[in-house]
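Mind docking chains B and C on chain A? Use the hints.
Residue numbers (the UniProt record's numbering), protein chains in the order written: chain A, 1 to 680; chain B, 1 to 175; chain C, 1 to 122.
Since the hints were derived computationally from the structure, they do not count as laboratory data. A hint or two may mislead.
Residues of chain C placed beyond 12 Å of chain A at every Cβ, according to the derived structure [unchecked claim]: (1) SER4; (2) GLY26; (3) ASP28; (4) VAL36; (5) GLU37; (6) LEU39; (7) ALA40; (8) ALA41; (9) GLY43; (10) ALA44; (11) LYS45.
Lysine-lysine pairs mimicking DSS-like chemistry, simulated, CA-CA at most 30 Å apart [what the hints assert, rightly or not]: (12) A:LYS460 x A:LYS424; (13) C:LYS114 x C:LYS45; (14) B:LYS66 x A:LYS391; (15) C:LYS70 x A:LYS76.
Where chain B lies over chain A, by a calculated footprint (3+ residues, C-beta under 8 Å) [said to hold, decoys possible]: (16) 338-350; (17) 588-597; (18) 628-637.
A virtual CB, placed ideally from N, CA and C, is assigned to each residue, including glycine.
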Amino acid sequence: MNTQDPVAAFRVEAGDLLDQIEQGLLDLGHRLEDRALIDEVFRGLHTLKGSGAMFGFDALAEFTHHCETAFDRVRKGLAPATQELVAVILSARDHMRALIEGDGAGLESAGAAILAQLQAAIDAAGGAEAAPVAAPASSGSAGPATAARGWRLFFRLPAEAMANGTNPLMLLDELRDLGACRITARTDTIPALADLVPTECHIGWDIELRGDISRDDIDDVFIFVMDDMELTVEPLEAEPSEDVGQALQSSDTMSDIPATVPEGPAVATSAKPGPATGPASAAKSGESVRVPAERLDELMDRVGELVIVQSRLSQLASGHGSAVGNELALRSISEEIERLAGELRDTMMVLRMVPVASLFSRFRRLVHDLARETGKTITLSTEGETTEVDKTMIERLADPMVHLIRNACDHGLETPEDRRAAGKPEAGQVHLSAHQAGGEVLITIRDDGRGIDRERVRAKAEAQGLIQPGQPISDHDLLQMIFHPGFSTAAQVTNLSGRGVGMDVVKRTIESLRGAIDITSAPGEGSTVVLRIPLTLAIIDGLLVRVGEGRYVIPLGAVEECLELSLEEDLRSRGRSFITLRDRLVPFLRLREIFETGTRPDPHQKIVVIATGSERVGLVVDQIIGSHQTVIKSMSPLHRDVATFAGATILGDGGVALILDVAQLVMLGQNQEERLRAAG
Amino acid sequence: MPESIPASTSTQWDGEGRLEVLTFNLGEETFALEATLVREILDLLPETGVPGAAPLLGSVVNFRGKIIPIADLRLAFAMPAAEATVDSRIVVIETEAEGEVFQIGIRTDKVHEVATLDRDASEEPPAVGMRWRRDFVRELVRRRDGVVVLPDLAAIFRSLTGAGDSAAGQPSTVH
Amino acid sequence: MTASILTVDDSPSLRMAIRIALTGAGYDVTEAGDGVEGLAAAGAKRFDLIITDLNMPNMDGLTMIRELRKAPEQAGVPIIFLTTESDDAMKQQAKAAGATGWLVKPFVPEQLIKVSRKVLGR
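For reference, chain A alone in the conformation it holds in the complex (with noise of 0.2 Å):
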């Protein structure tokens, strides 16, 4: 992006805005009442109209000016937010969308209708107050000019007007740009030394103004003031005064500058900076990836890596070693060069990666349309949502995971009276999660509705011949018969899914991202999918810890606390191997035992209490060293069987660390728990 192009800076600000409108709507379609929502809506909208006026996207600032003025009465408290506005303000924020990304050409009717539909909303909301939604705003402009051959003024200024930044000396300056002029300053208002207040003016000043000079002219020197203070101004009818003689200073040049501020409605008047409505095909271009500062750091730190090598270079280009002395250095400087640049791709990935939140929020508006179609409630709910992606990644999960959520929605929640008949409460819930395992990112589609139904599977599956009737066959096997090319199990097609984009293709392109697809399903309780994605790059935040010899990395986000084992303590616990945490047993593993460090224990042994979901378990380690940016790497396949570490990365000093799979170690110790419950 070009930094010094504010038109495609508001490109990018607006995708945001509306993002962030859209996000507000539906969070208000749930919190109708809450203040801050609204206040943020209506925000985005004043932004997105303002921003969009300056930089020549005249419709668009037309359009949201209307939006902004009904949402405003909600802002007001003159009208309620109701569903029905939201869904009215959505579709708008659609159209605001198209309006941003076109050049407007053929969308007035569309924008209209909108307006219509907003008409109706705040009225149905707003009763017999309800304003009209597009009121013309009346001009500011003053009324027709007066010229005179000059003027005689009076001004004194509020008490308050210098401390509030008005310098009277610029006004009188202003005056003389003007014409020539006569000043008195009236000093008769001036109280006694022990009243002064130094901050406030207690000066008024007469002027004779001269030259052809509008009204306007001089109100607009005064504009800021005009409302507070005192001001007379009267056309020098008469004879023209001749003693021009005490003009302090006097100019005969008028500024070129167009003497008024436009004032009136934000959209009668508007600047064409840029290219604003040129072809469509400038939104696209505008594709932009935010980066952490400290991630550009990391980068910044190669490149001068890469100068210093680069100098050396030059250095051994120009120099005069001898001939197996420039070879060594020559070989050295390769590899270091071989080294930078294998992380500046490392690094280049990181900033690639972006938050899977940017995914999942698109479904909020997915999910949102689908209710209102479908007429169920659904809930949409979502965790993990900090989990990082490749950017590419995350545009090419969007259109299967929206076909996985549509399926959800549509063949998966069961209508609201189904749901009251079937024990469950009304509202259908879909739950979408992310989090990292190693060197794969999983996301888990789930709903609680009518489960896969096994007969229909089975059925179809018979009918197009892939399996023989009857022939036996494991409920996975059956289930993952969905996959199959040209295998619907609605019975009737809807308007939303099943419209010639299967679960096949749904299948087809997380393999294409080298990922796995799995499901699972239980009658009446709802379906799982599960998309297991391969990362080959990611970043975590770590602790690093020191077991005997090696250094470990324990994911950070799964770390609860960490405690002091003294040794006395461990000899104690030998053979229990549990701690007390507030109340709870919390089973601990050693694992300079389990990695058969063969080395003495620390005398000032941790303890780092680790958590998955509820389950805890403390790992005892000889020394916490410090948290530590992870970036990931994945181990060999030819170590993929040692479930106990997720990956390994690349400490500082170069050597290798291998990050604990937090999953697996509680696992191994809630075994060891039940062990040892089970030995009493």
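Relative to chain A, chains B and C alone:
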């Protein structure tokens, strides 16, 4: 991950029955690997032990930003683990399986030279009478100064993960 | 000496446009993204002029202006607010809070520069 390890390899002699190899020592024995597999020969690097992994693949190193396992083939050929010497080197080879390319470092006691082996001088490992597991050896090639062993890395690594078939490796359980 | 101007706006594109216009006219420009940042920036250094939006997250322009005017060291610093409000009420509120003047959005760079010159005198 058995499926990611190449199936038993057959030696790719060229049209004239020759094979370019890098020869190296493990203990007193001379081994050889295809020169085309060799990526780099390194001095020993600081190794990081992988608890729970088979001793034959018991550690990893940072090889230019990648984590690669170090294989101690001595353990596959009934030799005791040995201390490093000034001659010890790591031979990094690259191999591919199931579309996945990965690198392994092989710890050697001494690296010799790139040599050309002759198919006419090679023979299958004998069915009986060998100290080693037969499937770990692809061919034995006679040379003037002795016999060169072409190990079957795929079979060796597969034996580490194959169910109940871990003659060379320890079961990778944790206690 | 170059006049230094603080611009406070939550819209990056608007800040960019303001910066381009004002630096082009020879002013020094410092940017802040909302009222909180604006207060912090103004507290660190006395500016010759502050240009602020009114509608902003975290702390809106009105509140920021009031806070600024409470500080004796900000006395006399001109504050121009940007507004799209056509109703007078907002203007009055901002003025009562201690603003010096205003500029109605949308504006062209020349208008911004003109208003800056008007209150700065340079």
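Checklist entry - Quick one, are LYS460 of chain A and LYS424 of chain A close enough, alpha carbons at most 30 Å? => result 28 Å, holds
Next on the checklist: Confirm or reject: LEU39 of chain C is not an interface residue toward chain A, with every Cβ-Cβ distance exceeding 12 Å.
Outcome noted: Answer for LEU39 of chain C: holds, closest chain A Cβ roughly 16 Å.
Item to check | VAL36 of chain C non-interfacial with respect to chain A [C-beta, more than 12 Å] | outcome: Nearest chain A Cβ is 15 Å from VAL36 of chain C, so the label holds.
Item to check | Interface-negative label, ALA44 of chain C against chain A, beta-carbon threshold 12 Å | outcome: 19 Å, holds
Item to check | Hint consistency between LYS66 of chain B and LYS391 of chain A [alpha-carbon to alpha-carbon, up to 30 Å] | outcome: 22 Å, holds
Checklist entry - Taking the closest pair, is the beta carbon of ALA40 of chain C still more than 12 Å from chain A? => result 18 Å, holds
Checklist entry - Any Cβ of chain A at or closer than 12 Å to ALA41 of chain C, or is the non-interface label fine? => result 17 Å, holds
Next on the checklist: Hint check: LYS114 of chain C vs LYS45 of chain C, CA-CA at most 30 Å. Holds or violated?
Outcome noted: 24 Å, holds
Item to check | Claimed coverage, the region 338-350 of chain A by chain B - three or more beta carbons nearer than 8 Å | outcome: Holds, because 5 residues of the region 338-350 of chain A bring their Cβ atoms closer than 8 Å to Cβ atoms of chain B.
Next on the checklist: Please check whether the beta-carbon of GLY26 of chain C is more than 12 Å away from every beta-carbon in chain A.
Outcome noted: Since the minimum Cβ distance to chain A is about 15 Å, GLY26 of chain C lies beyond 12 Å and the statement holds.
Checklist entry - Hey, does ASP28 of chain C actually stay past 12 Å from chain A on C-beta? => result 18 Å, holds
Next on the checklist: Closer than 8 Å Cβ to Cβ for three or more residues is the test here. Does the region 588-597 of chain A pass it with chain B?
Outcome noted: Check passed, 5 qualifying residues.
Checked against the numbered hints given earlier, this structure breaks none of them.
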